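**Student:** Sequence:
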Amino acid sequence: MTPTPVSSSTSSRELPDFWRKLHRLVGFQKGYNFLLWSIFGVGSLAFTLSRAPYLDYFGVFCRKNFLSSGNHAAPGECYYFLNGGREQIGMMLHLYSIIPCCFLVFLQFVPLVRHRFVLFHRINGYVVVLLMSVAIVSGLMALSESFGGDPAWLAAVTIHSIMIITGLFLAMLNIKMLQIEQHRAWMLRTWIWAFCTISMRIIQQIGVRVLSNKGYVALKPCAQIASDGVLSVSVIVQHFPNCAAYFSGENMGQMVVVEANYFGLPIEINVALSFAAGASAFLALILHILGAELYLHLTPAESDRLRQVSYHKQLAAGMRHPGRAGLTVDRVGDALRWSPCVEEKIDLDSDVVSLVSHETCRKP
Numbered sequence: 001m002t003p004t005p006v007s008s009s010t011s012s013r014e015l016p017d018f019w020r021k022l023h024r025l026v027g028f029q030k031g032y033n034f035l036l037w038s039i040f041g042v043g044s045l046a047f048t049l050s051r052a053p054y055l056d057y058f059g060v061f062c063r064k065n066f067l068s069s070g071n072h073a074a075p076g077e078c079y080y081f082l083n084g085g086r087e088q089i090g091m092m093l094h095l096y097s098i099i100p101c102c103f104l105v106f107l108q109f110v111p112l113v114r115h116r117f118v119l120f121h122r123i124n125g126y127v128v129v130l131l132m133s134v135a136i137v138s139g140l141m142a143l144s145e146s147f148g149g150d151p152a153w154l155a156a157v158t159i160h161s162i163m164i165i166t167g168l169f170l171a172m173l174n175i176k177m178l179q180i181e182q183h184r185a186w187m188l189r190t191w192i193w194a195f196c197t198i199s200m201r202i203i204q205q206i207g208v209r210v211l212s213n214k215g216y217v218a219l220k221p222c223a224q225i226a227s228d229g230v231l232s233v234s235v236i237v238q239h240f241p242n243c244a245a246y247f248s249g250e251n252m253g254q255m256v257v258v259e260a261n262y263f264g265l266p267i268e269i270n271v272a273l274s275f276a277a278g279a280s281a282f283l284a285l286i287l288h289i290l291g292a293e294l295y296l297h298l299t300p301a302e303s304d305r306l307r308q309v310s311y312h313k314q315l316a317a318g319m320r321h322p323g324r325a326g327l328t329v330d331r332v333g334d335a336l337r338w339s340p341c342v343e344e345k346i347d348l349d350s351d352v353v354s355l356v357s358h359e360t361c362r363k364p
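Read left to right, the sequence shown gives residues 1 to 364 (the UniProt record's numbering).
Among the hints, a few may not be true.
What follows is a set of in silico ranges between Cβ atoms, one per label pair, in the way DEER data are often shown [unchecked claim]: (1) Leu336 / Val26: 30 to 40 Å; (2) Ala46 / Leu287: 13 to 23 Å; (3) Gly27 / Ser68: 37 to 47 Å; (4) Ser303 / Lys214: 15 to 25 Å; (5) Leu327 / Ile289: 14 to 24 Å; (6) Gly27 / Phe169: 52 to 62 Å.
Worth flagging that the hints you see were computed from the coordinates, not collected in a lab. Keep in mind that this is a model prediction, so the values were computed, not measured. Backbone N, C-alpha and C define an ideal beta-carbon position, used for all residues, glycine too.
Full structure from sequences and hints, please.
**Tutor:** As structure tokens, then:
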């Protein structure tokens, strides 16, 4: 019997149908949203899980007499992160809060979780905000000596921290006012900003290779050079003769000049990373700011849909100015006053509402 040929039109429909079923399984209505979530959301989760071993602070993150790229703090950094003072306490609290936070925030951006497990979404949201707040404060505690205390690095982290705290505050303020589309916008901005640390590491890896062996130098204490425990005294003294005074006990605060060289000794890698950190952080932050605004600009339909939901929920709650009770641009700026597109009743426990043409949504 001659087999029945499969038409090309049937096979060509199989992939779109599979794609549609896949993104709807997770709760996405639009394929492009699922694609972006798959790339950035799942990518961020993978990065977080790769850093989960850092929760073993003394056995992995600051393991003595051991260095391994990706499985340890940067060379020389644990000289401060094991000092028993503010830096160590801050870094420990930072890791113990930011890693669980980044895992839990992934669930916040899964539509299936938001729609079917509303109570979990709310409670998890508060937990995430609390953990991120602890992570920021503790990170600032550990900041002063991080990457050599480079001023550009300190400025970048401080600005980054202020932006995240501000974004979280505005997101929580808007959800309290049931202004859901503004809550979405500020949460998207905040977490896209937050994960610029991933891009920063990629840019930093490029920067250190550019800066290596270009004459960039920094003063480093011999105690920090020896702190990783992977170099013998003879090797250290061979490269830095002045450190002999440190090992003999003559001068325990002995400092030496170290050149930035990503392909050299651990302390030379530390100097290279320190020089590249500030510029990398600023560039990554700028890219993520632009990325967040671009995404919001390209998804106005979702914002309009959620504003309809906000209108009905605010109306049911008896709020003044339903649809614009939160921090909306038509309340704080000179935009046209917003008016609802939809008048029929909706399920106030869901975020589902139909839209009519956008032209009927606003009036002077």
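**Student:** Hint by hint, note whether the structure agrees.
**Tutor:** Hints, one by one, checked against the model:
no.: 1; hint: Leu336 / Val26: 30 to 40 Å; result: 36 Å, holds
no.: 2; hint: Ala46 / Leu287: 13 to 23 Å; result: 20 Å, holds
no.: 3; hint: Gly27 / Ser68: 37 to 47 Å; result: 39 Å, holds
no.: 4; hint: Ser303 / Lys214: 15 to 25 Å; result: 47 Å, violated
no.: 5; hint: Leu327 / Ile289: 14 to 24 Å; result: 19 Å, holds
no.: 6; hint: Gly27 / Phe169: 52 to 62 Å; result: 27 Å, violated
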